[in-house]
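Asks: For chain S, the structure is supplied; the task is to place chain H on it using the hints.
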Amino acid sequence: QKEVEQNSGPLSVPEGAIASLNCTYSDRGSQSFFWYRQYSGKSPELIMSIYSNGDKEDGRFTAQLNKASQYVSLLIRDSQPSDSATYLCAVGGPGNTGKLIFGQGTTLQVKP
Amino acid sequence: KAGVTQTPRYLIKTRGQQVTLSCSPISGHRSVSWYQQTPGQGLQFLFEYFSETQRNKGNFPGRFSGRQFSNSRSEMNVSTLELGDSALYLCASSFVSSYNEQFFGPGTRLTVL
Numbered sequence: 049q050k051e052v053e054q055n056s057g058p059l060s061v062p063e064g065a066i067a068s069l070n071c072t073y074s075d076r077g078s079q080s081f082f083w084y085r086q087y088s089g090k091s092p093e094l095i096m097s098i099y100s101n102g103d104k105e106d107g108r109f110t111a112q113l114n115k116a117s118q119y120v121s122l123l124i125r126d127s128q129p130s131d132s133a134t135y136l137c138a139v140g141g142p143g144n145t146g147k148l149i150f151g152q153g154t155t156l157q158v159k160p
Numbered sequence: 002k003a004g005v006t007q008t009p010r011y012l013i014k015t016r017g018q019q020v021t022l023s024c025s026p027i028s029g030h031r032s033v034s035w036y037q038q039t040p041g042q043g044l045q046f047l048f049e050y051f052s053e054t055q056r057n058k059g060n061f062p063g064r065f066s067g068r069q070f071s072n073s074r075s076e077m078n079v080s081t082l083e084l085g086d087s088a089l090y091l092c093a094s095s096f097v098s099s100y101n102e103q104f105f106g107p108g109t110r111l112t113v114l
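So the sequence lines, in the order shown, correspond to chains S and H.
Be aware that the first sequence starts at 49, since it is given in my numbering, and climbs by one per residue.
Be aware that the second sequence starts at 2, since it is given in my numbering, and climbs by one per residue.
Next comes chain H alone, as it looks inside the complex:
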């Protein structure tokens, strides 16, 4: 069974730009969660989608948004990039919820210059 895939793997952007990251979950998984990982803050929850609906959102500004498509694939968007948005962005998929095991993709390394 194929794992979680994320594209692109690396991105370099400048301040003020916007970026869209993509995540394809494991086949059959309907929940997709997004996390931001930085050396200082660790892994922080951004939001989670299930059946095309955002079920939960972390403590991030509105510049961070996402969506999920009918095939469970998900995208996240960051607008008006700031230097502090430089991070590893990870998506994880599970069958239904955080009660189920979550499996992570390889991540997208975003660098904002």
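Isolated chain S, as found in the complex:
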């Protein structure tokens, strides 16, 4: 079992729709969770961080965390073609160190 799992996609949604991206993790002791967006040929860009159970909203983005189910999700409302990218779920590694464990990423395609 991989430590962080994501559906590789592609996930295709029409412009203006809600895109839902999901991630599960195996280490129940994980405390920090992040979503990154990566455009082709570019480096990952942090878009959301979440640490507590529940929802966290930032503009069109909402991150959801359920530690009991070991599940993190990202909702993108009013999806735009510019949102087309690979979305990486990352989980803070054990201990107080700078290790993030990444999923393989989900490719999102937003069609005009």
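Keep in mind that the hints were calculated from the coordinates and are not lab data.
Glycine included, C-beta positions come from ideal geometry on N, C-alpha and C.
Derived coverage of chain H by chain S (criterion: at least 3 residues anywhere in the stretch with Cβ under 8 Å from a Cβ of chain S; other residues may be distant):
1. 25-35
2. 53-67
3. 103-114
With a Cα cut of at most 27 Å, we get these calculated DSSO-like pairs of lysine-lysine:
4. 115(S) with 104(S)
5. 50(S) with 104(S)
6. 58(H) with 50(S)
7. 50(S) with 115(S)
8. 90(S) with 104(S)
9. 14(H) with 90(S)
10. 14(H) with 58(H)
11. 90(S) with 58(H)
12. 159(S) with 90(S)
Pairwise CB distance ranges, derived in the manner of DEER restraints:
13. 14(H) with 126(S): 40 to 48 Å
14. 114(H) with 126(S): 41 to 49 Å
15. 61(H) with 58(S): 25 to 33 Å
16. 51(S) with 102(H): 13 to 21 Å
17. 88(S) with 45(H): 18 to 26 Å
18. 97(H) with 89(S): 27 to 35 Å
19. 10(H) with 94(S): 17 to 25 Å
20. 102(S) with 15(H): 46 to 54 Å
Replies: Chain H alone, transformed into the frame defined by chain S:
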């Protein structure tokens, strides 16, 4: 505030050579983590430095090494390059640890011929 910078942006080397990559973190950030990204393996953690000390190391051979200087700038070195080392090498900085948000630099694209 300036972001994370990495030099060089592109490198072409041949098998057996060695390479040194440099990373300057965001001002005030003391933790620097290095990652390797390949199409097949995704983003994999190499190692992390904090206050000039390696705190954590990923599952990579000893040919991969790094260091951090007193100003938090970091370098990574790969010796005896292999074809499979061709990848995008990314560094990320954060205030203290993986509990804090990490911000990535633009990466160094290494091609080994």
